[in-house]
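Chains as they are written, first to last, in my numbering: chain A, 1 to 287; chain B, 1 to 255.
Don't read these hints as lab results, they were simulated from the structure. All values reported here derive from a predicted model rather than from experimental measurement. The beta-carbon is built from N, C-alpha and C at its ideal position, and this holds for glycine as well. Misleading hints may appear alongside valid ones.
As the list claims (entries may be wrong) - Sample of chain A residues facing chain B (criterion: CB under 8 Å; computed from the structure):
(1) M50
(2) N53
(3) M109
(4) H140
(5) R188
(6) S200
(7) L203
(8) L272
To be verified - Derived coverage of chain A by chain B (criterion: at least 3 residues anywhere in the stretch with Cβ under 8 Å from a Cβ of chain B; other residues may be distant):
(9) 81-92
(10) 116-122
(11) 131-139
(12) 146-160
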Amino acid sequence: MTGPILEARALSFRYPGGVRALDGLDLAFAPGSRNVVLGANGAGKSTLFMLLNGVLRPSGGQVFLNGEALDYGRAGLRKVRSKVGILFQDPDAQLVSADLREDISFGPMNLGLDVATVRRRVEKALVDTHLEDLADRPVHALSYGQKRRAGIAGLLAMEPEVLILDEPTAGLDHRAQGEFFELLDTLRADGLTVILSTHSIDLAYAWADRAFVLERGRLVASCHAHEFPEVFPTLPRFGFGLPRVIELQQALASCGLSLGDGPPPRDHAGLLRAIGDASLSWEYIEE
Amino acid sequence: MDDLAYANRLRRVHPAEKAIFAILCLMASLLARSPIVPLLVLLVMSLVALGVARIPFGAWLRISLLPVGFLLVGGLSLAVDIGTPQGAWSLPLGRGLSLCTTPQGLRLAVHVTARSLGCTAAMLFLAATTPLTDLIQLLRWGRVPDFVIEMLTISYRALFILLETAGQMQRAQASRLGYSSFRTSLRSLGQMVSHLFGRSLQRADLAWNAMLSRGYGEVLCVLPPEYRVSPGRALAGAGVGLGLLLLALFLPGGW
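Next comes chain A alone, as it looks inside the complex (with noise of 0.2 Å):
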């Protein structure tokens, strides 16, 4: 087994006023990965973002991308910037140019790419994200969620090998959030490590293959997701509900409901066949 590609050690964090925002966090991504950082607003999470890809500098610990420790210099910064991408909260804050292509062009440029290499990256990642036909139009007239994919393409045309995204679920309505994830999809079947934060349990619990849970700076929980049962039905100690597949699926063990051996359904759509195919054994009860 290959070690993780990103990792933090004993990583901490003060802002300058002295407000700790992290406290000694040990955490490791494995390569091509989907985590999940799950976390009450201020629990860190954009902090931590900001210091895997070098734009903080921890002030205790250190952050190894590939098993090497990060190097603050120039060409060190360089280097894990261009592996490690992040997609930031808002989406007007991400992109610099009204123009769609200047925009995508802006990180892959700045690795230095000859401008037929970055030519040919910004045209792919515009048919990766399906912005091809909204090229022309300047950034101030794009939606929110076409926005965000505009983001996530200037991140792809710089090919990161670590893709984090800070509540990327954030504002999307039903339909962008299917699409998103689509998306992830692809772009996990290329390889692609991506690391999340979101409010959402149920996303966590539906999507991911590790969770890492953050209180006030400090990491409180991290599992795998064949632990997911096990572990999260203790996550309403730190301010989360259980899972809304769990609470039905108690509801239905309640009633004498069985969903039968399998693993336990972690979508609403996979519990929704499980219940399917489940039903058949069920006796009706008479009221």
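Following the hints, complete the assembly by docking chain B onto the known chain A.
Relative to chain A, chain B alone:
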């Protein structure tokens, strides 16, 4: 205006073609001794904007209304003098003073107004057919220093964010009756402006982090866009522009 620039038939035309055409016409207007040439420029610009770029007539009228109205008022004040009557036409105001025009004054007024109309039309044409991002690209080719380009790029982007934020704040205030009377309007406006300032600083911080994370070094470098140059069209544009310029130089000033 910004929307027009992105959605007209000349959008994909090389910005240099449009700029050369507009600048030649601008020079023709400036250098003309006869007021006919600038008026001709106005006509040509309007025809190209409406006929070739397919800018809707209403939109063209709307964007020209403000500058043209301003110019006409300016021209009128040049033409008309208050003083003792000497000229061909005067309207007595009493106390020995009258509103009057002189032939020289009139000529000057017509000349200045026509000239500014021509120049305005040329600039409006460029602004309505060429998005600012393309104009910035032109400056880049023109070897304008990087920091100026960078400022323009970022301010143009920031302008829309600022406008949108201001609009959101204003709607939020209005929905809580912030603009129901003159007094509350003043107070709301003041609050909005001060909040907007704070918000801009915050946003600048976020944008800076985002730019760093995308590998921003010392200069903002982006991919130069690709345009198709059509030699025929470029020649036609330059030809018309040059023709007007020649006309401007050789047409006598008297009328």
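message: Taking the earlier hints as the rules, which of them does this structure contradict?
response: Those not satisfied are hints 5, 6, 7, 8.
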